[in-house]
Amino acid sequence: MSFLAKHLLTNKLATLVMQLWVIFFGQLIYQESLAQYPEKPITLITPFAAGGSSDLIARVFTAYLNNYLAQPMLIRLVPGQAGQKGTLEAIRAAPDGYTLVFIDNYRDQLHQYTFPNDFYDTNEDLVTVARINYGQIAIIVRETGPYQSWDEFLVAARAGTGQLKMAHSGLWAALFVPAWRIMQEFDLRFRMIPYRGGGPAKAALMAGDVDFSMAFPATVAQDVEAGKVRILATAGPERTIRGVPSFAEIGLAPGTGYIHRIVMAPAGIADDRLAVLRGALQQLQMDKDYQAAMVRLGENLEYLTGPAYELVRRQQSVEYAELVSTLTSRP
Amino acid sequence: MFDMLMLGLNDALRLDTFIWIGGGLLLGMLVGALPGFTTSMGMSVLVPISFLVGDPLIGIPFLIGVYKGGIYGGSVPAILISMPGTGASIATVLDGYALTKKGQSRKALEMSLFSSGLSDFFSDIFTLVMIIPVATVVLGFGPPEIAAVMFLSLVIIAVTSAGPAVKGLIMLGLGIWVGFVGADPFSAMARYTFGTTELYDGFHLIPILIGLFALPEIFNAVKEGDTRGKRISTFVGERLRLQELKNSFRTIFRSTMIGTGIGIVPGLGQPIAAMMGYIAAKNASKYPEKFGEGELDGVAAAESANNAVNGPTMIPLLTLGIPGDSVTALLLGAFMMQGLRPGPTLLESSGNVVFAILIAMIFANVLFVIIGYLTIPLFARVVTIKKSLLIPVTIMLAFAGTYLARSNPFDIITLISFGLIGIAARMAKFDVAPMVMGFILGRELEYAFGQTLALAGDDWIHFAFRERLGMTAILLATPLVGTILGFRMNRFRRRSLDSDRK
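Chains as they are written, first to last, in our numbering: chain A, -13 to 317; chain B, 230 to 731.
Bound-form chain A, shown alone (with noise of 0.2 Å):
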């Protein structure tokens, strides 16, 4: 009898505990359908090393974007191989919208074709989240220099080709790719020194290392104002300094010199949690703070959203394609 007491009641504890477990995991299940995206951190992957341009316009955006979702962004630097360690990284996390990474056009469509690798194909892996803005690159000289203009710099490349010396920021990068354009463009030769980054490369300029460079307006304004630096031309269809001709208008291809920096997630990210990043990131545009804060920092707001970059990116993969093979193949 006790044993049939026994083993009733263990039967009954056993369950009970069955329903308490069922109970709980339903109410898991039932809590997790109900909870709003994001309910964690977002962790923000930058495959560029600290104190670079990117890595300041990320502290910047994700500072203030931390307004308009309920966790907050958090930066993680996974600097390396030219940016694909941490692109790398950010594909392979789970697509459930917690790990985003922060590129630029060059990490995102040129590399493959310049670095190639076996482990990912970002048209495949990444879709864009939105662009948070672009940079548009000017040529720029010393102002005491030779070169008053872009014909007369044009006629000195032309004279000596292979003579003039320009200043990179690196191989691939924002300076030398417009650089490889010009070259393509009007079948120059220059001499590309590479520099660790755009300002020793404007030091360089202003020291007379070099006879050229390329650097973005904003952080050569000082030395414009100041008569150190002549920018020669500007990026871009159309003027965007009075009497600098535009890219255009010297010839070059209306997508040269553009560096955009772009918000990416896992491709196979759900529609909903997609939607939750882009709503945040298009509320960021209206913040006043934020505005000011890119203008001090001397970027613009030229965001654009996700389907819309999209057709940028594809754009831009059919044109790299073409430069690299183009550039490659020159003797």
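Among the hints, a few may not be true.
Unchecked claim - Computed footprint of chain B on chain A, listed as stretches where at least three residues anywhere in the stretch have a Cβ under 8 Å from a Cβ of chain B: (1) 39 to 50; (2) 66 to 75; (3) 165 to 179; (4) 199 to 209; (5) 273 to 283.
To be verified - What follows is a set of in silico ranges between Cβ atoms, one per label pair, in the way DEER data are often shown: (6) A:A261 to B:Y602: 53 to 61 Å; (7) B:G402 to A:A193: 29 to 37 Å; (8) B:A419 to A:A145: 53 to 61 Å; (9) A:V141 to B:L242: 42 to 50 Å; (10) A:D82 to B:G424: 26 to 34 Å; (11) A:N286 to B:D232: 52 to 60 Å; (12) B:L607 to A:L287: 44 to 52 Å; (13) B:T422 to A:N286: 26 to 34 Å; (14) B:F415 to A:A193: 18 to 26 Å; (15) B:V595 to A:K274: 33 to 41 Å; (16) B:L236 to A:E308: 55 to 63 Å.
Hints listed in this document are in silico derivations from the structure and should not be mistaken for laboratory results.
Glycine included, C-beta positions come from ideal geometry on N, C-alpha and C.
Keeping the supplied structure of chain A fixed, place chain B upon it in accordance with the hints.
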């Protein structure tokens, strides 16, 4: 200019500025003291705070506090557990940890603090006074001059290393070769990577530092056997006496000059300054054989030289808008976020704010010494911890610090590999410091040398004897300096051997 200076002084003397500097210093010391965290990582995380406070006289001094605190903080694990968190602390390990093993960690930490504070103070005054004249000189240092200075530094390190010069040369060569692993900086072609992507960027500095310096110490401690209840010391150690600090004044002054000179040139940095300061002190000492055995002057030399770099790095940043490294690049961003655009017209447009920041930097050194002094008894207690507890904690810090730096599991393999190299080197009585310096400087020298070749083109004679006389002068002086130092070191080595025999 004088008016702006006075206005700056007036603006700088604000209580809230100093409270924020104090906060920055404390955070910087903590970040620097944690192996694996670098000053630039700490500053990068704290940049948003600096611009969200919305006042340049709070936000920027706060970040400068983090910078100063971080460089000093790096000396704490270097002295206490032989774990340099950055290249700036390599020279500090040599005598700092030897002092800890003698139970004088408190003395070493206090010497590190006071020498750092004094050199920072004087180099900041130099920055304030000389900002305009020096700005015109900075641009004269391009890749050719940097390559020549690095070559000279490598020669000096090789001939002055501990033990026979040939061993120093072997370790230096090994370090340079390790630095070549990874993508070629000019063509991006992979070298010695064995087809792995992990080595594409080359080895990371932090696991090499921890592996070569800390793991052999851990191995030694474990090898000693019975560690039950054993401590390095039962008390936190004696304080630094005023006379001991006075005895090091000459060294601190010399290292401050070296660090300030190196700080002016963008791209050279603290590791070279600290090592050159240390070597100069060793050469000038009456007892050079004591260096490496726990000489207070060695700590003073390294720490005053690496901290003296901080102030002058602001000169190219403020006057030309050129950041020399990732830390000054972050400061450039912080200035811009406050509506101040570093460059040639900054002093004209916002001179009072710039001078206020520079003056705040000088006063920050007083706070730096006070805060550092208050934290030393806490840090120094490490020596009173039982070895049976300290060793596992040190192992944990070594591995966690390595992983935290880049979150890369491959760095753990690097740590263990270089740990084994460090143990083997110690057994064979090879000094690992030249290897680390070879690793750091070899890469930089290769880059600067490649830039120099590209700049020179085909006409080398014209380039060397017309355009770049500074580079040529340094290169011509290198064999002379190397020979003199080599002879001096050999004399010291012989003297040391003779005294050992007696």
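Those earlier numbered hints the structure runs against, lowest number first: Per hint list: 8, 9, 11 and 13 violated.
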